[in-house]
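Enquirer: Top line first, the protein sequences correspond to chains F and S. When we follow this note's numbering, the leftmost residue of the first sequence carries the number 1380, and every step to the right adds one. When we follow this note's numbering, the leftmost residue of the second sequence carries the number 85, and every step to the right adds one.
Keep in mind the hints are simulated off the structure, nothing from the lab. Possibly wrong hints are sitting among the right ones.
Distance condition first, Cα-Cα at most 25 Å in a straight line; then the derived BS3-like pairs of lysine-lysine [as the list claims (entries may be wrong)]: (1) F:Lys1397 <-> F:Lys1436; (2) S:Lys87 <-> F:Lys1436; (3) S:Lys153 <-> S:Lys87; (4) S:Lys187 <-> F:Lys1436; (5) S:Lys187 <-> S:Lys153; (6) F:Lys1397 <-> F:Lys1444.
Simulated restraints, written as ranges between beta carbons of each label pair [as the list claims (entries may be wrong)]: (7) F:Lys1397 <-> S:Ala176: 26 to 34 Å; (8) S:Glu142 <-> F:Val1431: 28 to 36 Å; (9) S:Thr89 <-> F:Lys1397: 25 to 33 Å; (10) S:Arg165 <-> F:Asn1407: 25 to 33 Å; (11) F:Lys1436 <-> S:Ile123: 44 to 52 Å.
Looking from chain S toward chain F, a few residues come up when the C-beta cut is under 8 Å (computed) [unchecked claim]: (12) Cys96; (13) Tyr116; (14) Gln126; (15) Pro128; (16) Gly134; (17) Lys153; (18) Phe185; (19) Gly186.
Keep in mind it's a predicted model, so treat the numbers as computed, not measured. Just so it is clear, CB atoms sit at the ideal spot from N, CA and C, and this is done for glycine as well.
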Amino acid sequence: EAQVTQNPRYLITVTGKKLTVTCSQNMNHEYMSWYRQDPGLGLRQIYYSMNVEVTDKGDVPEGYKVSRKEKRNFPLILESPSPNQTSLYFCASSSTWLGIETQYFGPGTRLLVL
Amino acid sequence: DAKTTQPTSMDCAEGRAANLPCNHSTISGNEYVYWYRQIHSQGPQYIIHGLKNNETNEMASLIITEDRKSSTLILPHATLRDTAVYYCIVRANSGYSTLTFGKGTMLLVSP
């Protein structure tokens, strides 16, 4: 089954404790991205990757890092989490065909930073 | 990408057709209309897209007006599981890019 998986699905942590949220897709997609969703602010892109070893900042990259060492994986790293990073996070991967892009989203990771 | 306008919320009885409108009066010639939906706290899900012809797939139908300034997503027989926020997005077919989700329409399907 074609899917995007994220782990963990729920995470409670404390300020400053480094954490990684993993994302993996089994569709051989080149493009992957991370979003955060907050009430009243909608979905905002954090980082994206056009391919292995190619990453770039989205709209709200501060406080986050990413890496793309393999095509299927795109982990999101919070080196020193702060309470304002409490949010619902989604990973997505995209396919394109004749310029039409379809994004597939993971199930989400709900993060609480105390 | 063109801006879209959708009603904040809509109600629909189970088994009836749900017709969700979207206004995109500033759409340009190379921009497609996409629809996604998000069931509560789940990841957004692609539904359908179109350029100027009406489109249908296993999930829904998309009707685009001749002037392309508005469109309607039709769920022919809504079920309780169709309760979700529906997003209408307009963007050019220029490859990979950020999807800009607005506030969407909260569709509540009732028994």
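Enquirer: A separate judgement is required for each hint: does it hold in the structure or not?
Expert: Do the hints match the structure? See the list:
no. : hint                               : verdict
1   : F:Lys1397 <-> F:Lys1436            : 20 Å, holds
2   : S:Lys87 <-> F:Lys1436              : 23 Å, holds
3   : S:Lys153 <-> S:Lys87               : 11 Å, holds
4   : S:Lys187 <-> F:Lys1436             : 23 Å, holds
5   : S:Lys187 <-> S:Lys153              : 19 Å, holds
6   : F:Lys1397 <-> F:Lys1444            : 11 Å, holds
7   : F:Lys1397 <-> S:Ala176: 26 to 34 Å : 39 Å, violated
8   : S:Glu142 <-> F:Val1431: 28 to 36 Å : 33 Å, holds
9   : S:Thr89 <-> F:Lys1397: 25 to 33 Å  : 42 Å, violated
10  : S:Arg165 <-> F:Asn1407: 25 to 33 Å : 29 Å, holds
11  : F:Lys1436 <-> S:Ile123: 44 to 52 Å : 29 Å, violated
12  : Cys96                              : 23 Å, violated
13  : Tyr116                             : 7 Å, holds
14  : Gln126                             : 6 Å, holds
15  : Pro128                             : 5 Å, holds
16  : Gly134                             : 10 Å, violated
17  : Lys153                             : 21 Å, violated
18  : Phe185                             : 4 Å, holds
19  : Gly186                             : 7 Å, holds
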